[in-house]
Each structure stands twice: as C-alpha cells, then as structure tokens.
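Could you build all of it, start to finish, from the sequences and the hints given here?
Take the sequence shown: its position 56, counted from the start at 1, is 152 in my numbering, and no numbers get skipped.
No lab work stands behind these hints: they were computed from the structure.
Note that the structure is a prediction, hence the values are computed from the model and not measured.
Watch out, some of these pointers could steer you wrong.
To be verified - Heads up, simulated EDC-like pairs for lysine to aspartate or glutamate below, C-alpha to C-alpha not over 16 Å straight-line:
1) Lys131 <-> Glu148
2) Lys131 <-> Glu194
3) Lys163 <-> Asp126
4) Lys163 <-> Glu119
Stated by the list, open to error - What follows is a list of derived Cβ distance ranges for each label pair:
5) Ala153 <-> Arg122: 19 to 27 Å
6) Ala117 <-> Ser182: 18 to 26 Å
7) Asp203 <-> Thr177: 35 to 43 Å
8) Gly139 <-> Ala167: 38 to 46 Å
Even glycine gets a Cβ: it sits at the ideal position worked out from N, Cα and C.
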Amino acid sequence: MDVHTSLPDFRMPNEEQVHLAAESFRLLADPTRIKILWALLQGESSVACLAELVGAAPTAVSQHLAKLRLAGLVRGRREGTFVYYSAADVHVRHLLDEALFHADHADRDLPDHARDDLSAHATAGSQPS
Numbered sequence: 097m098d099v100h101t102s103l104p105d106f107r108m109p110n111e112e113q114v115h116l117a118a119e120s121f122r123l124l125a126d127p128t129r130i131k132i133l134w135a136l137l138q139g140e141s142s143v144a145c146l147a148e149l150v151g152a153a154p155t156a157v158s159q160h161l162a163k164l165r166l167a168g169l170v171r172g173r174r175e176g177t178f179v180y181y182s183a184a185d186v187h188v189r190h191l192l193d194e195a196l197f198h199a200d201h202a203d204r205d206l207p208d209h210a211r212d213d214l215s216a217h218a219t220a221g222s223q224p225s
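The following block contains the structure:
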C-alpha cells in the first residue's frame, strides 16, 4: 500500500516548479551570492557597495547579480548610469532566513522545532543567533 495515498492533501509539485526550485537552490549554493542576497535584503544597493560588503571584486559581484537577476532572485533599477539592486520579493527573504536558521541549528547541534512552531526563530529579516 502506498503511504502517500492515505494523505488527503498530499500533492507532488509539478515538473516546472521542481525545475525552478532546483535552479534557485543551485544559484544559492555559493557563499558570495548568499552574502549579496543578505545585503540586498537589508535594502537596495549598488555593485560597488555590494563588492565592498562581500569582499569581492565589482566585476565578480556584477556577474553574480546577472545570474541572480536571470533566476528572478534580484531586481535592478536604473538611475542614470547606475543600477541599484534589491531582493526580488519576500520569498527570497524566507529562503535565506530558513537556510541560515538551518545552518545555525546544524552548526550548534540545536534540536528541531515542532512541525509548525517557528517561534524560536528570530523575527523575519534578522540574523540567526
């Protein structure tokens, strides 16, 4: 007997959702991109400012931003000759928050939460403790 058939609300994601999620995770599998996105979650920023924040060359940051933009994780806003970047939406914040909370739990060997109890997490947008 298939266990999943007994779950009334069980649904597998469609192939397009799975592909897009995997692509997002693939792009997030880079420490510099994680730092860039974290900085953008704090507010809009230029390539030069991001480069200084993450300790990378502006050309490298620009290449990372281009990939993140194509994946829909960041947006660019042109003002004259400058482009200012921001995180695309609240989903990016949730992805990063959960990834960082998970890393914090794994690093400090913290116990898991009850299934729907995330009250132990800091408020959205704050760094894990």
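Tell me if the straight-line CA distance from Lys163 to Glu119 falls inside 16 Å. 11 Å, holds
Go ahead and decide if the range 35 to 43 Å is satisfied by the Cβ distance of Asp203 to Thr177. 42 Å, holds
Hint check: Lys131 vs Glu194, CA-CA at most 16 Å. Holds or violated? Holds, at roughly 15 Å.
Regarding Ala117 and Ser182, is the given constraint of 18 to 26 Å on their beta-carbon distance met? 21 Å, holds
Satisfaction of the hinted span 38 to 46 Å by the C-beta atoms belonging to Gly139 and Ala167: 21 Å, violated
16 Å limit on alpha-carbon distance, applied to hinted pair Lys131 and Glu148: 11 Å, holds
19 to 27 Å was suggested as the range; check whether the CB atoms of Ala153 and Arg122 agree with it. 22 Å, holds
Are the Cα atoms of Lys163 and Asp126 separated by 16 Å or less? Cα-Cα ~12 Å, so holds.
Checked against the numbered hints above, the structure violates only hint 8.
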